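Taken in sequence, the protein lines are chains A and B. Heads up: the first sequence begins at 1 in my numbering, then just goes up one per residue. Heads up: the second sequence begins at 1 in my numbering, then just goes up one per residue.
Certain hints may be false.
[Stated by the list, open to error] Covered by chain B, per the in silico footprint, the following chain A stretches (three or more residues, Cβ under 8 angstroms):
id : segment
1  : 27-39
2  : 246-259
3  : 270-282
4  : 287-295
5  : 302-316
6  : 414-423
7  : 460-466
Derived by calculation from the structure, the hints in this document are not laboratory data. Remember, predicted model here, so these are calculated numbers, not experimental data. Ideal placement from N, C-alpha and C gives every residue a C-beta, glycine not left out.
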Amino acid sequence: MAKEAKIIELDKVVIRFSGDSGDGMQLTGTLFSDTSALIGNDLATFPDYPAEIRAPQGTVGGVSGFQVHLGHSKVNTPGDYADVLVAMNPAALKASSKWTKRGGTIIVDIDSFTEKNLLKAGYKTQDPITEDKLGDFNIIEAPISLLTKECLKEFGLDAKSVLRSKNMFALGMVYWLFNRPMDHTLAFFEKKFKKIQVVVDANKAVLKAGYNYAETIEALTPSYLIKPAEIAKGTYRSINGNTAAAWGLIAAAEKANLPLFLGSYPITPATEILQELAARKDLGVKVFQAEDEIAGICTSIGASFAGSLAATSTSGPGLALKSEAIGLAVITELPLVVINVQRGGPSTGLPTKTEQSDLMQALYGRNGESPVCVIASSTPSNCFYYSFMAAKFALEHMTPVILLTDGFLANGSEPWKVPSMADMPEIKPRLANINNKEYQPYLRDDETLVREWAKPGIAGLEHRIGGLEKMNITGTVSYVPENHEVMSNIREEKIKRIENYIPLLETEGDESGEVLVVGWGGTYGHLISTVELMRAEGKSVSLAHFNYINPLPKNTAEVFSKFKKIVVCEINLGQFASYLRMKHQSFHYHQINKVQGLPFTVQELKEKIEKILEA
Amino acid sequence: MEVQELQLTAKDFKSDQEVRWCPGCGDHAVLNAVQKAMAELGIAREQFAVISGIGCSSRFPYYMNTYAFHSIHGRAGAIASGVKTANPSLCVWQITGDGDALAIGGNHFIHEIRRNIDLNLILFNNEIYGLTKGQYSPTTKEGKITKSSPFGTVESPFKPGQLVIGSSGKFFARTLDTNIKHTTQIMIEAATFRGTSVVEVLQNCVIYADKIHAEITDKQFKNERQLFLEHGKPMIFGDNNDKGIILRGMHLEVVEIGKDGVTEADLLVHDAKSENPFIQMMLVNMGLPNFPVAFGVIRAVESATYDQKVERQIRDVQATTKIKCMDDLLRSGSTWEV
Chain A
1 MAKEAKIIEL DKVVIRFSGD SGDGMQLTGT LFSDTSALIG NDLATFPDYP
51 AEIRAPQGTV GGVSGFQVHL GHSKVNTPGD YADVLVAMNP AALKASSKWT
101 KRGGTIIVDI DSFTEKNLLK AGYKTQDPIT EDKLGDFNII EAPISLLTKE
151 CLKEFGLDAK SVLRSKNMFA LGMVYWLFNR PMDHTLAFFE KKFKKIQVVV
201 DANKAVLKAG YNYAETIEAL TPSYLIKPAE IAKGTYRSIN GNTAAAWGLI
251 AAAEKANLPL FLGSYPITPA TEILQELAAR KDLGVKVFQA EDEIAGICTS
301 IGASFAGSLA ATSTSGPGLA LKSEAIGLAV ITELPLVVIN VQRGGPSTGL
351 PTKTEQSDLM QALYGRNGES PVCVIASSTP SNCFYYSFMA AKFALEHMTP
401 VILLTDGFLA NGSEPWKVPS MADMPEIKPR LANINNKEYQ PYLRDDETLV
451 REWAKPGIAG LEHRIGGLEK MNITGTVSYV PENHEVMSNI REEKIKRIEN
501 YIPLLETEGD ESGEVLVVGW GGTYGHLIST VELMRAEGKS VSLAHFNYIN
551 PLPKNTAEVF SKFKKIVVCE INLGQFASYL RMKHQSFHYH QINKVQGLPF
601 TVQELKEKIE KILEA
Chain B
1 MEVQELQLTA KDFKSDQEVR WCPGCGDHAV LNAVQKAMAE LGIAREQFAV
51 ISGIGCSSRF PYYMNTYAFH SIHGRAGAIA SGVKTANPSL CVWQITGDGD
101 ALAIGGNHFI HEIRRNIDLN LILFNNEIYG LTKGQYSPTT KEGKITKSSP
151 FGTVESPFKP GQLVIGSSGK FFARTLDTNI KHTTQIMIEA ATFRGTSVVE
201 VLQNCVIYAD KIHAEITDKQ FKNERQLFLE HGKPMIFGDN NDKGIILRGM
251 HLEVVEIGKD GVTEADLLVH DAKSENPFIQ MMLVNMGLPN FPVAFGVIRA
301 VESATYDQKV ERQIRDVQAT TKIKCMDDLL RSGSTWEV
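This is chain A alone, in the form it adopts within the complex:
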């Protein structure tokens, strides 16, 4: 076994699959990630694809990428730069070589590097390697298209189907390169194409051909081994943020012993939440695919009035359309979860790209004094926990809760140790019952200021609610000036008092020092990686990452006060920094911002934080 002698062990490696949006790069990347997860690597993925389903073929705009970061130890981000890039055509090379480490390996399908394709990709010469100064990369020019055709010539498939399999050739090569077993992928073909045996056989043949080709050519040696990560014992699965968010709602409904209702309208990048819940008839989930975003939330408000745990899922433009209805849920004090998967804005903006620019919209984007609870998840898998908690706070505090995730979390996946329902927190909705002397819709709990929820169908609890201002306690329509102020204050205070039920803000690193890096939501992986890296170099840097935005943790000011400098890092122009300036005015906040539709890179964060540290 000559091969084993040439295996090099790595702690971490980043691989990027890049091709035309019709080349199947998302599938290729997902299969590679799933196999890696199954053999015990920790990992994080980052799909990066164009908004167009079939963008102009062969152009840089049409490139679809999938990046995965594998590790023997904890992996927090999909990685800044790839160690290995697979480029299926010149456009993919053009778009992705700048995201590849100098000296890294680039596998190209040399058959696609025709004069025409080079031109389409925007190359001015016939020599992209020289033109893009890629001389110091390990370039492997593999005749992927040709060998795929050769491999399949006996299968009787049409030319188009044959070429569609070439991604599996590339995958086979990468499997060999990283010493991955092929069984999981072979089993996937059996299941996915079970009705068309020839397609199963063709994909298997091409995958194996790629694997064998890689073994045969010497250019690919040495191959790499990433040992399984040392992670806690348990049952694991791979999960992305959207599925996790959807499942968190089902878990909450089960815990609260309520039916789950989702009213929603398809919108990138949140649609998968709708689809995932639509598939869960087995658990009794009712999903209403509405005629528009407004009907999505309004059907949910109706379901909430009727006694269900109700939710709606959307992205920025949809959240804008739902604003008025969120206000209705605020004034009627009905439980409602709004999951907003943020994307680049304003308007249609960058639908498939990530951003954190809906924070102010979530906090303040409504008419009137209209406070809601705002929570943000920070990893793909903890979208489960925070959507569960969003439901818990909605039900226990009778309020809409906006859960902010983003395109990066929604589409990114990672191995997840699945929880047991027995370990999830209790959820106790404040349900009215007929033992009450007389049901008064706006009679409140002294401590939480929460009213009781009376489900239609119970005799004696008949009541009226609505969007007009209501008299405190009795809930009759009231135009009394003083009452409006009383109710406005109560609604504000009710949300504020949720601070008594959320965990205190924790500092990762030291509890005091030079620089406190502050972040919220989906930037966690990049921020913690940066902070750990800098701390390993002896820098006095810590991280405080927020999941609870409104209300903020009670000890926020105390945590901030222990550091000389505070740097708020976010994928927008500084919305959280502005919010903190308003809520905690005594501190000076530095900012690191990025608005490119892309996550931070650890490298850029490190450079910028170092500057602030040294200034």
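Fit chain B to the supplied structure of chain A, relying on the hints for placement.
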């Protein structure tokens, strides 16, 4: 819907809130008719959910001693759809107006009808925006001078029944605020019909569009201008019940019984249950000056409702699934042990 032996009266459905519509407003009559109808349905009070949008008529929920929800402009249909889908055992009523349902809520209106959600949609049509004080609505007749059309509207109005049939609607009825007996009867028929039951009530706004329907409703000529349809009965009207409707070729025609050899047997017999909406659509469109206006249940075609289908799909899947709870789901599919 649970049917019990209940001795309820209209009074049981009145809340303690003072009714604040203008004196003489047609809404008072509709409120009374709905409360009477509810008392007669034999459904317990707590099983009713009354949902409205915004507008004068949408204050309705506050006057109902049931579960009720006054929501936001145009969205009553979506909210009512959510209530019924979440809890199909409730008897859901949507209260809306020509602006609420056909302008700002037009999208929800056609889609709830298309889905055939089992609820009763009471559309108060006074051809004006009352609460905002007199602007034209989607049903205002072309040329009408209003606050927002000082030179007359240049818009072609909707006929609600056209939209209902155009949206594959299963039930459409028309009634009028001046006939509380008929309104009550139609409300009962709407409530007992399974599916989206749309009832258009020609309603008078005494302040901003007074007598808008007077040409149809005035006592002196109402018999000549109102045709009350009943399923299976010939279409007869007139002061002396001597006029009728026949189908000639592709068109309706008014005839006099006894004249030119026309007998009652020649008249069109109303078929509300016909799946084919051809004649029903002509009845919706029929009107002055050459025809009477049709009242009663114009279309009532039973078919499976959305809420039933949702429940059935869940039952079917649950009968065969191995995933019975969240822990099962968490451990389903591709997992691995560390």
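Query raised in the report: Which numbered hints turn out to be false for this structure?
Result: none
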